[in-house]
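All chains, full assembly: derive it from the sequences and hints.
Number of protein chains: 4
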Amino acid sequence: MKLNTEELKEKIVNEEIKFYEVEGYVDGDINKATVLRRKALEKMTGASLETIGNYSFDMAQTAMRNIENPIGAAQIPIGVAGPLKVKGDYADGKYYLPLCTTEGALVASVNRGASIITDSGGAKSKIFRSLMVRAPVMKVPDAEHAVKLVEWVEEHFEEVKAAFKGDEPFVWLHDFQWWILGRNVFLRFRADSADAMGMNMITKGSEKACNFISENLPWAKLVATSGNMCVDKKPSAVNYLLGRGKTVQGETILKRDFINKTLKTTPEGMVEIVYRKIYLGTGQAAAYGLNSHVANIIAAIFLATGQDAAQVVESSMGIVTAEILDDGDLYFSLTLPSLEIGTFGGGTGLPTQRESLSIMGCAGFYKDKPPGTMAKKFAEIVAAAALAGEISLCAALSAGHLTTAHERLGRGITT
Amino acid sequence: MKLNTEELKEKIVNEEIKFYEVEGYVDGDINKATVLRRKALEKMTGASLETIGNYSFDMAQTAMRNIENPIGAAQIPIGVAGPLKVKGDYADGKYYLPLCTTEGALVASVNRGASIITDSGGAKSKIFRSLMVRAPVMKVPDAEHAVKLVEWVEEHFEEVKAAFKGDEPFVWLHDFQWWILGRNVFLRFRADSADAMGMNMITKGSEKACNFISENLPWAKLVATSGNMCVDKKPSAVNYLLGRGKTVQGETILKRDFINKTLKTTPEGMVEIVYRKIYLGTGQAAAYGLNSHVANIIAAIFLATGQDAAQVVESSMGIVTAEILDDGDLYFSLTLPSLEIGTFGGGTGLPTQRESLSIMGCAGFYKDKPPGTMAKKFAEIVAAAALAGEISLCAALSAGHLTTAHERLGRGITT
Amino acid sequence: MKLNTEELKEKIVNEEIKFYEVEGYVDGDINKATVLRRKALEKMTGASLETIGNYSFDMAQTAMRNIENPIGAAQIPIGVAGPLKVKGDYADGKYYLPLCTTEGALVASVNRGASIITDSGGAKSKIFRSLMVRAPVMKVPDAEHAVKLVEWVEEHFEEVKAAFKGDEPFVWLHDFQWWILGRNVFLRFRADSADAMGMNMITKGSEKACNFISENLPWAKLVATSGNMCVDKKPSAVNYLLGRGKTVQGETILKRDFINKTLKTTPEGMVEIVYRKIYLGTGQAAAYGLNSHVANIIAAIFLATGQDAAQVVESSMGIVTAEILDDGDLYFSLTLPSLEIGTFGGGTGLPTQRESLSIMGCAGFYKDKPPGTMAKKFAEIVAAAALAGEISLCAALSAGHLTTAHERLGRGITT
Amino acid sequence: MKLNTEELKEKIVNEEIKFYEVEGYVDGDINKATVLRRKALEKMTGASLETIGNYSFDMAQTAMRNIENPIGAAQIPIGVAGPLKVKGDYADGKYYLPLCTTEGALVASVNRGASIITDSGGAKSKIFRSLMVRAPVMKVPDAEHAVKLVEWVEEHFEEVKAAFKGDEPFVWLHDFQWWILGRNVFLRFRADSADAMGMNMITKGSEKACNFISENLPWAKLVATSGNMCVDKKPSAVNYLLGRGKTVQGETILKRDFINKTLKTTPEGMVEIVYRKIYLGTGQAAAYGLNSHVANIIAAIFLATGQDAAQVVESSMGIVTAEILDDGDLYFSLTLPSLEIGTFGGGTGLPTQRESLSIMGCAGFYKDKPPGTMAKKFAEIVAAAALAGEISLCAALSAGHLTTAHERLGRGITT
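Protein chains in written order, with our numbering: chain A, 376 to 790; chain B, 376 to 790; chain C, 376 to 790; chain D, 376 to 790.
Read the hints as simulated data drawn from the structure, not as lab findings. Since the structure is predicted, the reported quantities are computational estimates derived from the model, not experimental observations. Just to be clear, a hint being listed does not mean it is correct.
Note that identical chains are pooled: a pair holds if it fits in a single copy or bridges any two copies.
[Unchecked claim] Computed cross-link-like contacts, SDA-like style, restricted to lysine to any residue with a CA-CA straight-line distance of at most 20 Å: (1) K523 <-> W594; (2) K523 <-> Y465; (3) K414 <-> S431; (4) K536 <-> L592; (5) K393 <-> K469; (6) K636 <-> V646; (7) K579 <-> R440; (8) K514 <-> G644; (9) K523 <-> D464; (10) K540 <-> S505; (11) K469 <-> V388; (12) K418 <-> G468; (13) K462 <-> H520; (14) K414 <-> E396; (15) K630 <-> I699; (16) K377 <-> Y400; (17) K514 <-> I628; (18) K596 <-> T640; (19) K469 <-> E391; (20) K596 <-> Q552; (21) K514 <-> E590.
What follows is the structure, given as structure tokens:
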């Protein structure tokens, strides 16, 4: 039975056709289904969804990878900060930062930090580790078997690597870490996923590796491909300590003069903020991370560039250091142990997201450079951007004009 | 000197005009400045920013509150899950959930959880606490003065409340918690901010309260309006334990039959996943939260509805319980200690965001009900939605068809 | 059948008589049973237990309260450090510190810290909170009942207090904190236990309070008198943040001159150690506490004075602050959030332990002062002693002579 | 000037002779000095120190290694629990457990757990890791140099190992872990220290290694031999996750029948306690460790056997698992990630302590087995003992007779 659009809409409204069934009634036409769902939803809820229906990407293609039951898109403003001079092993130059946020004063704050960093000669960025992680949990009879499993994987690691890789071209298992609790073995696989954040590839690889293990050790049973020691999208000591994705540091030396003139404060004043607010306050709060508002910058860049917004959770854990050098200038650094990003795959291919990456010269991958080079460049820029945010906020607090600035702008950064 | 558009663009490209100065050259016309910045940025970086320039909200109004140096907007797909039956003290009915994400399979997963919950009679939601928090740090001479400060605030609390409130109509200081470390006093002010998330109002209130304290106790000096014991946008034990924003729980009883038929697993199988993955895995990882992927749902709803994306960090800390009842059905709950949301203010007023809130009947505030009622309704729906996500993923892992499902959809939920 | 000593011993050796049954064969004579067990154990294991058999307390009395299946006693050396000048609300004078340890250099280290503190005018000690805690967990049908339970306890708090107290003369319930997770309610009862550490009294009180609740709310069932949110003898954020026992701070101002002359270092050097080792190192380690070796001093005093050695775990969490004052002197403080001690009850009544308390004038309780005064005095001294240990070690590291000192003494403090 | 005893005492009382100077006045006679100090202290404080003066070890020898300013010894009762059947790779047999404590009911509790474990066939113990750790912090100019330092140590690791070892016969550097924060490099050296706990040897080795590094990389400066990422005597995620000392697990399968008859409860009841109290309660408390009272057993064995009492802090972090097997029996395990113990060195050589070790056949080292064998045997016994304590307490709570038992004994275990 062929239904016309209005009839279809009515059936959706009456829940005779479920949202996920709509495509089936319109010959798989995703765009048509998107409109139908939106129209039905308007009727069901009384909400107008006009602006959600206004978007400029191809929903048909998007719905293959990024969304189900689409009805349209959210629009979130993007502002630009910079230029920010970054000197890393992969990024080298002045970069403009697309920041997608609805929090007033944030772009202005990063901009101010970028300005003084750039004036002082730029931020240096350095990647310490770059491996994505998935940790399945397997069940075994007892501790003796648990140890056997670990030893077996160590002894057959080349085979496990091959099983993990399968025919996936851009993933390579690097090593694994392990924990045993009772009859449970957690294998924390660490892999290189080139320019992709890589979670899907590595999840599949982990499952293939565990299946290979079970085939050889039939008493070992895969319980869950994620055993929560990965640990994805939960704030945890394991990632804070061992890293996940990129472990990267941004650092800079700010001239005392610039701090006085541009930031209207002193190196001593900024060190005091770091001491009282960041070390004592965050320390007593038992937070993962010693920083003031890294998450603001991480979230803003993640949204602009199509990263996984839920991974802001662990990507924003960061540790600040601040110390006055012998010549009176201020050394300031920010270390991000667990920055999970990619320049390819996931949401990075959507139009506005890809454009945002292009602003930094970070879209996709380099054809003439080793896999992973683009993502590393991006990580270095992100670390420097978050550093700019930290410096700006610490300076503002130190200068005591935080609220004043907010009031002028009619709003404030929350930290 | 009046410059034409092309000349202005050139000057921006050459960094003679800074991004934040552009409005000054176009008579404060924000829309014109937005175009200029975008065009200049295209030239500076070689990036095409065509889709970023495609948006349907009024940038002039937006830039007053939500962004600086705007160049346009990101578009992120929204899918819809549901209906989800929720029975709370504020929400009561079937709700459709707008989920803004680029992670394939997420909407489908929540949809599946919503379906079985609704079939089993719905989720109950309950708010345990509802107070937003800001914790300034003040410096005093020593412990004796620190104790005096705390006692003084206790004794003069009505006056402190008045100072905190000022003439802000929708904020009320409720109480405060305190910590002393050396010469530092952290006052953790807890306030009701009605239907707004409230961070800005409460930051201003905190500063006014501290100024009032300093006026009376001149030896007490405000160091930072946020002393990082709030603690905003950092994962921390303090919010995990004491809450921030809403502390809310969703719970449901799933029929054994439905678990068998719809989820293709058993209550025992789901309890095992919770035990091995969530309690042991997350426990050993030293995570704040015992759950599998709450952050996915929180992030997706936050982006759709204009919440602060950086607050996904603490809002997604959640604790799952799962237990088999005497009659063999499965009790499942999710507690969110620190859900920071609003239905008014911040990014909630942007068009697509407001439309998303409208889908759930949660935009703005009730004119005929007590302040805060709308935000509480929204919190109850969010808790039930995150519960749906947890149930779906635990079931999928238990049924062992997680990867299979992903492969069918060509992607996967990361957890 | 009456057995002679040798026959009895043989039967114990052959496991025909269990260790705990021995008293039954010797007319309840605990001293005789102690000897018998020891002799039998010597035969069973081939170990000589001569020195364990050498003790000077009355085992018969001890075994009523402090031990089962006794075989004798351990002897652990006590050294004395001090005098340490302490100015608190309860302690005021110069105190000698009995430190029971087998770690060489520890007494010398505390002694050095005590010396410079005393020379600089003494340490000030201040108690911020003083309440012992027990947190039972109760099971209820759902969240709605959970909230009802909490509200009921709030409404009937005077009755709950009375039930908690029973006829115990020296315990008073002060208030309670609560958490709900699924169908579980954790009630964290906080009580004053005068000069006793108080765990037993408060455990009994908690059980009585819960029974009273269950009688009135029959759907609420006590699961465990300790629901692990107390949390006893586990390092936890809850005690780190909310305290347990005494929350107490020691602080002092060290003269720059003395730091130079006595400690052979500078205020700047000591601040650097605090910054790099304590804030950054412990911060990245995700430790509860920002200090260097508080546990050494806490353990040594606990063993000397008959405190519960397992409570060193949470009693030793401490936060150091160090800052240079305008006049160049060094302010140094140590805050102990969760110091669990008593001067009465538990192991404090054993002879050597009571003597150790007497050295500080802290044995038992004051007959002419409010209950709890003695324990508070003791807490102030302990905080000052731990402060002395921190200062000494930070200074030693700063002066770079830590290993040298160890080598001279042929050993070292571990930190 | 030669002073007689009475004159000397007077001068000590008047603080003309400091405590640490006394030996200098009595020809270095430590025993004489001990008496003098004690007598002087009696006079100074009015305390009688008679029992502290009663001890049976040689203070002269002790004061060379374990104490300064000695005045005597504490006596703490020892009870014996067991036999406990242990099957490990190093321990194999029935063991009696010397428990040194002043907490009534503790020995009885462990005894009960040991009894049911032994009746059920014994506990299996397994060591997963065995390496002691020290983590110095070094200061370098910037991140680039920090990475260079790490790479240099990796490249020259054989030389660093040799420097670390020096001429110490029983210590071998195994590997190192590293973290960079700003300009600081934390090197976490992991070493085998045979049968000694090893902290002193490894501290010396770490300093030698760092000096060797500085000689080759003059821009790298050792700040502190302990940079608090070791992390000694502070509860921390780093040891919870990465271990320190022994990582060891005890496990057992308890027969359902025995649980019914001996423990008066059911496997289901015990699993419920683990679920509600240990997973939910400790989980919400954000504790390091998921257990009920491991610290009680660890502390009691540590005191009896001369371990470092301050290391109870991290040695007692433990994770329990409990699950019902297909045949209805109960699998129960306890994993201790960071058990820091030795059978040689430190306080283990004191007479009563050595006797306690002898009870378990664990004193000193094996002459005919590889170094470290004795300490590993001891670790296996300790893990099984702590497992017995966990089982006993969970059973008691489940059976609801915890308080009753306490009341009968006039006291209680605190947990």
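Hint by hint, here is what the structure shows:
1. K523 <-> W594: within (11 Å within a copy, 45 Å between copies)
2. K523 <-> Y465: between (42 Å within a copy, 17 Å between copies)
3. K414 <-> S431: The answer is both: 18 Å in one copy and 18 Å across copies each meet 20 Å.
4. K536 <-> L592: within (16 Å within a copy, 37 Å between copies)
5. K393 <-> K469: between (50 Å within a copy, 14 Å between copies)
6. K636 <-> V646: within (17 Å within a copy, 28 Å between copies)
7. K579 <-> R440: Classified as within; 16 Å inside a copy, 43 Å across copies.
8. K514 <-> G644: This pair counts as between: shortest inter-copy Cα distance 13 Å, intra-copy 54 Å.
9. K523 <-> D464: between (41 Å within a copy, 14 Å between copies)
10. K540 <-> S505: Answer is within: at 18 Å inside a copy they meet the 20 Å cutoff, but 32 Å across does not.
11. K469 <-> V388: Cα proximity of K469 and V388: across copies only (13 Å, versus 52 Å in one copy).
12. K418 <-> G468: Answer is between: at 16 Å across copies they meet the 20 Å cutoff, but 52 Å inside does not.
13. K462 <-> H520: between (49 Å within a copy, 15 Å between copies)
14. K414 <-> E396: Classified as within: same-chain Cα gap 15 Å, cross-chain 42 Å, threshold 20 Å.
15. K630 <-> I699: Within. Shortest intra-copy distance 10 Å satisfies the 20 Å Cα cut-off; inter-copy 23 Å does not.
16. K377 <-> Y400: within (8 Å within a copy, 59 Å between copies)
17. K514 <-> I628: Only across copies: K514 and I628 sit 16 Å apart there, 51 Å inside one copy, limit 20 Å.
18. K596 <-> T640: Only across copies: K596 and T640 sit 17 Å apart there, 60 Å inside one copy, limit 20 Å.
19. K469 <-> E391: between (56 Å within a copy, 15 Å between copies)
20. K596 <-> Q552: within (18 Å within a copy, 31 Å between copies)
21. K514 <-> E590: Answer is within: at 14 Å inside a copy they meet the 20 Å cutoff, but 43 Å across does not.
Checked against the numbered hints above, the structure violates none of them.
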